[in-house]
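Q: Sequences are here, hints too, so could you generate the full structure?
Chains as they are written, first to last, in our numbering: chain A, 1 to 348; chain B, 1001 to 1267.
Don't read these hints as lab results, they were simulated from the structure.
A couple of the hints might just be wrong.
[As the list claims (entries may be wrong)] Listed below are the simulated DMTMM-like cross-link pairs for lysine to aspartate or glutamate, each with C-alpha atoms no more than 20 angstroms apart in a straight line: (1) A:K127 x B:E1169; (2) A:K90 x A:E106; (3) A:K71 x B:E1169.
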Amino acid sequence: MIEIKNLTVDLGTFCLQDINLKIEPGEYFIVLGPTGSGKTILLESIAGLYPIKSGEIWLNGREVTKVEPEKRGIGFVYQDYALFPHLSVKGNILFGLKQMKQPKGELQSTVDLIAGLLGVSHLLERKPETLSGGEQQKVALARALSISPQVLLLDEPLSALDPQSREDVQHELREVHRRLETTIIHVTHDFEEAIALGDRIAVLGEGRILQIGTPEQIFRQPSSEFVARFAMARNIFSGEVRYAEEGDAIFSIGDLELAAVTELSGKLHASLRPEDILISKEAVISSARNSLRGTITRIDNRGSTIYLTVSTPLDFVCLVTRRSFEELGLKAGEEVYITFKASAIHVF
Amino acid sequence: MIRNMLRWVAARRLTITFLLLGLVIMLFIFVPLLKMVFSSDPGILWDTLGEGEVRSAIWLTLYAALIATVVGLLLGVPLAYFLARHRFRGKRFVETLIDIPIVVPHSAAGIALLFVFGQNFFVGKAFHSVGIDFVSAVPGIIIAMLFVSVPFLVNSAKNGFEKVDVRLEKVARTLGASPWQAFFRVSLPLAWRSIFTGSVMMWARGISEFGAVLILAYHPMVAPVMVYERFEEYGLDYARPVAVILILVCIVLFIALRSLAYRGEKT
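A: Right, dumping it as structure tokens:
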């Protein structure tokens, strides 16, 4: 278990203030915040790599606030891997094990075990520069896990990867968490990533923790404008892919069935960008395969654009320009049709 | 045909102009060196190399410069690392200070060193009390070389350390390495090439030092001083063989060490 009490960190231009977090053993905890919100520094402070102004950090009942980073037993993975370029993959994984003064005989078997777990056994003799981004990040994970850390800190571990490897590494993260039951703190600016992986999410903004809760709570009941803006950027649904053939899929949310395009199956999430939804007063016939009838329940004026909530009864947030809003003469309580393409639904 | 050629030239006016100008400076460097080497009689060179006085002068030059380089490594690399990792008020000033030996006349540098390491100042006295004298002695040659050549090593090593991502050291710390271990297992191996190149530059610069060495220690005689002495006392013909040997030794060592430094590096 990791507990952060009243942490204050000076970032030069602003401060992280009154950070209080309590993360349960084995929890996958996400810190969600925009770029420049001090997420990396927060992780470095927890690891002892960045000096803090005040506050306490407790690790499994032991206060480590003043403990040297090498004595904390915290694994760290940076966004762009930070592998040691002068060492092979094996050398990288061995780095921490050598520090721990393990008996020579056990070293090899530990390396094999971890490399096997992350699926990088075939890369052991290679130099980091010859690996793809996804491979490098898996090696970085293997290296961090080699010391059997009490907590694993991940600094935007998926952000530098292309979509294909991102899915791959994300899957790897879930597997590692499931099998090793390591406590993980993962920071990201990506809302979907947060929802897909996190047991709980803390939203960081303006130097403070603005809300802590389950993914469901964060996007259904945002506690502040800031969190809402983060969450409102998308319509996010929990549901299940019922039927899928060659990417042609049905994503069902309760009784509602939406046409989607995905290769995935099972209980998943889907997102839909507000600007991808077309609003009309009559049903339109088009190539878009999803068309629903609903009622405008909320109008959120943002100047030149307007967010509409359309209840079908499932709520969809749609974005229209002020001009089309006025031309269509939309009002609260009015019945409209919303239309969007199957490919606009992103299943994750 | 001719028009095409003219057009070809016109399109590359800048490149051709610069190439020609560059060629002038390259010839300026190479011609004197080559002329001297090739117009020397191999027999005379061989005889000169047979002189014990010449051999010991060259040997003294090489090893005094080597010791200066080792001292530079021990004291300059920590400074380089410190400068690469810390920002502080007056850092610019410190960096300028390090470059000063490059810009001051080396005879003046020799005078300055003589003041401090001579026996009228406490530093010189302290060293004298433990049996180290600098005036007209090998230690004097070494400090003269050290003074004028250490900026090359410090600057090169600093550039090397700056290129090592701080986060690599941070990761090393989380993996159980102390700051010392992180330095020796991560930063130093990664900056090694820059440090080595800097050391070669420093050694080469030490070997070629004349002015400061002349002031502190005319004797024992290093090779550059010997070239000067023979030129002054006996004239060009007598000075040339020693000069040729010195140049050849420098070129061979320099090329060999440089190729060692760049071995395995991707181009």
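Q: With reference to the structure, classify each hint as holding or not holding.
A: The hints, checked one at a time:
1. For the proposed pair K127 of chain A and E1169 of chain B, the alpha carbon gap of about 18 angstroms is at most 20 angstroms, so the pair holds.
2. A hinted pair counts as satisfied when its Cα atoms are at most 20 angstroms apart, and K90 of chain A with E106 of chain A qualifies at roughly 14 angstroms.
3. Pair hint K71 of chain A plus E1169 of chain B holds up; C-alpha atoms about 15 angstroms apart against a cutoff of 20 angstroms.
In terms of the numbered hints stated before, the structure departs from none.
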